[in-house]
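Using the sequences and the hints, build the whole thing.
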Amino acid sequence: MRRRAALMMLVAPFLMHAVIIDRIAVVVGNSIIKDSDIDRDIRVTSFLDGRPLDITPARRKEALGHLIDQVFIRREIQIGSYPIATLQEADAQLDRLKKQRFKTQAAYEAALKRYGLTELELRTQFQWQLTVLRFIDTRFKPAVLVSDDEIEKYYREHAAALRRQYPGKSLDDLRDHIRDILTAEGVNQQFFAWLDAQRSETKVKYLEASLR
Amino acid sequence: MRPRSSIWPLCSVFLFAFFSTQRFVHAQEFQGRTVVSVTYEPAVQPPDPRDLVVMQLVHPGQPLDEMQVAGTIDRLWASGLYDDIEVEAEPSGNGVAIRFITKARRFIGHVGAEGQIKNPPSRAVIISDSQLNLGAAFDEDTLAEAQKTIEQELHNNGLYDAQVSVATIEDPLTHQVTIRFLIVAGKRARYERPMINGDTKLSDETIIRATGWRIPLIHRWRQVTSALTDRGTEGIRKMYSKKNRLTASIDLKSLDYNVDTGRAKATFDINAGPLVQVKAVEAKVSKGKLRQFVPIYQEGSVDNDLLTEGAKNLHDYFQSRGYPDVEVTFTREPVNPKTDTEIINYYIAEGPRRKLVAVNIRGNNYFLPETLRERMFLRPASLLLRYGRYSETFRKKDEEAIADLYKANGFRDVKVTSTVDTNYKGKPEDIAVTFHIDEGKQWTVSSLHIEGDVQLDLNSLRPDLTSAVGQPYAEVNVATDRNLILNYYYSEGFPTASFSYVQSPGSEPNTMNLTYRIQEGRRQFVRKVVISGLYRTKPSLVLKRITLQEGEPISMTKVNAIAQQLSDLGIFASVNTALQDFSGTNRYKYVLYDFDEAARWTFNFGFGLEVSQFGHTTQSLAAAGGTKGVSPLISADINRLNMFGIGQTLSFQARYSTIEQRESINYTIPRFLGSLNRTLAFSILYDTTQDVQSFAVRREEGAVQVSQRFNRASTLMTRFVYRRDAPNTTLPALNTPAFTSAVRIGELSTSYVQDHRDNPADAHHGFWNTLDTGIAGGFFGSQRTFYRFLARNATYTSIGTKFVLARQTQIGGIIPFSIPKGLNTYDVIPLPERMFGGGSVSMRGFGDNQAGPRDIGTMSETPGTPTSTPTGFPIGGDALFFNNVELRFPLLFPNLTGVIFHDMGNIYSTFSDISLAYHQPNIQNFNYAVQAPGFGIRYKTPVGPVRVDFAYALNPSSYQGFNRNESIQQILSCTAGQIGNPAFPNCDASPQKLSRFQFFFSIGQAF
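From first to last, the protein sequence lines are chains A and B. Position in the first sequence (from 1) plus 157 gives the number in my numbering. Position in the second sequence (from 1) plus 4 gives the number in my numbering.
Hints in this document: simulated from the structure, not taken from any laboratory. Each residue gets a CB set at the ideal place from its N, CA and C atoms; glycine is no exception. Be careful, since some hints might not be right.
Over the 10 angstroms line for every Cβ pair with chain A, so calculated as not near, a few chain B residues [what the hints assert, rightly or not]: (1) Gln32; (2) Arg103; (3) Ile348; (4) Phe656; (5) Ser919; (6) Leu958.
The calculated DSS-like cross-link candidates involving lysine-lysine, where the alpha carbons are at most 25 angstroms apart (straight line), are [what the hints assert, rightly or not]: (7) Lys542(B) with Lys562(B); (8) Lys152(B) with Lys360(A); (9) Lys107(B) with Lys360(A); (10) Lys362(A) with Lys107(B); (11) Lys362(A) with Lys247(B); (12) Lys247(B) with Lys283(B); (13) Lys246(B) with Lys152(B).
Ranges between beta-carbon positions, derived for each pair [what the hints assert, rightly or not]: (14) Gly207(A) with Val57(B): 40 to 46 angstroms; (15) Ile222(B) with Arg356(A): 19 to 25 angstroms; (16) Glu378(B) with Arg356(A): 54 to 60 angstroms.
This is how it looks when you write it as structure tokens:
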């Protein structure tokens, strides 16, 4: 009897034929992430990564994690009036992608259709990526100071690899290069520490149970 | 064996996974199909329909676009009115039916605290602790936190057994949630002997005494309150500070409640630290001054920063006392383990005492020196400042003040420096400071553009902008314009309007082009006004006063002004106002007014002592000129506010002293006939008074008064008074039926007040006019008929920044008409209706009510031998004229001022008898002007200046009377033959003179 009831419940929604086409999935502070946002993120990232489209619960949770982080970044960009990349700048990225991945425009458009994407969605994604990169650079780089001692320490610890990669180059020759590496590491550390702080400070409410 | 129920977790996982992965498939499936209908569940949605139509991007008849579905969700969410939104699609023929399934957000409405609340904490504190703000989003988590916070507050106040529950009611239309905290306070705990740990250096008893937690003498522990707990810790700290242990640490570790005993036990960790001794070396500084200037006493800790600040304060102190070359340094000696003392020495090398004799200003072309001096601290020596006011800090501040003034007027490149001449004009003890001003060029605005004013036309504001073309360019002016523009936008429904500006050099030298950029933001409109928190008050009382119309732009200025007016009704403890979901993007918003009704009953009791020259009785013949008297006073006011829930007030007032016993009942109807500034008041009064020593009067009175306030300064009052005066006197001349029989007076009168004083308690400029007129006639049921008027004009003029010239003139008269048979013009006006004067607020050359005509032994119009023995007691008159002139000036201390004054005038027999003659015509005629110069001092207090005045009457009144301390009863037995016969001294009055010296002590300026 219970088994029959279970089966009835399982199929009932489809008999009614009314289906949810979009909804609020998660509330992050005062912002929302919708089911459609998660789907779009999966489609775009799958397309850009060249992966097959795979909308599984695990994949959705993974995408949701990125989207929650993006809410924090978006909010900070808005509050701090950080610069936003233009669509023209995004087009340059898109053109590069087209040249690298697709032999013809038709092949590109077919791929877009296969992933359920429009070109505008791709452009917007590139624009967002550029904006985030600038934000990280502007927000965190000034706070990272690399000392000469740290450069020398890095040189000593990675001497073998550096000699292999840059044969015949001295510490002074590589000083700027090492400084860039250490700065990038410092920026990453600061950025992820900031993200951790945002995650712990912001209330996240899951309205869609499967995403918890 | 596998349990049968294990199918459910599997099913649910499958279901969630299926639905979530299928959303994309469904959305794609319906994409592009024609939308046949768009519905909402529930049908009534939180936003105003005018907002909803803008938010909804999916429309019937159009192909379904999932981007538009997502966009609609985003817009609905941004309105701030939703907690959850889902969108369903269902095939319908060849098309698709769309349904938005939503869950409305709830918002915080009225928050109340009910039950037996034992103060402290008060209801207001409990509500404030909840941190539930009107109009903010409501959720259960916040409510639970609020409940915990309130419980903690109750515990902190010793109510450890308190129980807090909460009830909520939601309005389904507005989704406002009323929250009621229900409190069962329980019994308040008492302190018990605390546990004291650490190196205290003091006995436990001393420390316990410092807490103040135990009642002295009876040694009963007090009840626990949060404030007393804090005061206990602070008391211990102060005690250590008083004993010079400034680094003592006092830590209240815990306050633990014992359920069985109902007591709270505190545990203190105390470390007394060493004694700290601060000494001034090489110069004398009192201990009090050291405590004032070295902040280690206030901070309760010792570190180099505080000691350095102390040195700087001492440095400024000595410089301001005429030691410009003073040097202050300090040393800290290590703690001496034997004496347990740390010594801090301030070395003060005073240097020679000098006088700041001149403050010069050079290079100022744009401003007059006076304009600059007004803003400066430095002051050359004067009578009030013997050595002037000088310090390095003041000098730097003055440089900054001058520079700021120039910059505010477009002199962007101004430079202000100062030099000190320590041997001014060859006198080594004199110094002079010269300020050198390099003004630079004045920058002006060459053009002003305003961008972004799309919906509002700012042209009407342009004349008020300070940065107009040709005007000085200064950032402070731009800031003023910014405030003006944004206030305009806020008042027109643009709460998120923002302002920025761009400047660029103009085509001409020293000119600047200005561009103001305005982002108007979204305009907000009134959706509806929602009121809450009214339990006893009729809603119509407040709704009538909330003049916001649905659909009008929300002006927060107007919203707040209405809240202030509602608060002014005097029947609410607080009036809060907010917009529901202020930050949401919906344009039509609920405007919320939430009320916390005040207690309906208020009680005020007072005690006092009146000291004056009122004499008090006629029992002593020698008291005709008044003697000092003391009258104890008690008063009680009981008010019942918000009668019938319509904001009217019933009050009972009683005042009892040895010279007056008064009870009155008043009923006040504010905002009479719909006018905010019109008040109708009914009153009845029973009063027995003997403030004029010649007679007593019992007065029964009923009155009705309408007062209309035209503006902040002008008020008109019209009243009808019906009273019965029953005088009683022992003066022989007045002891006739004409004077002692009870008289009914019906009088219609009006008063007009114009009060343009800057501060009524202590005016420095402005004027004050009053005019009272009245008519008493038979048509009002009055047994006496007369006109009465009294006019007053006072002006206050500032002379410089410190002196005030104040003057006041009063003139008044009573003119009888239709005199009843058997009475004459002298006795037609009953004693209590006559004019009396003299004293601290009218004419300081007299004691209280001592001015004017006095008992000359007869009231007959016929001159000649008196029919009764004259006693010389004041009997009032039918006219008055007083003129007061005062010069008010500063004295030695900031709160102390001095006054020299000249009062003149008198009370006269009739209006036609008013005379400014210096000499009294004769001993039976008092129609002349008494002149009384004098001086006084005032000390400013929060309730007004405390006043002491000394007056000297140049031409005091003479009268026939007695100087013997005998009873007036004795002269009543005099026969006609004995009166005026020197053989009978008790019946023979002799010439007397009122005292030339008068002394007054009171509160408030004389006028």
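Run through the hints listed earlier and report the numbers of any the structure violates, in increasing order.
1, 2, 11, 13 and 15
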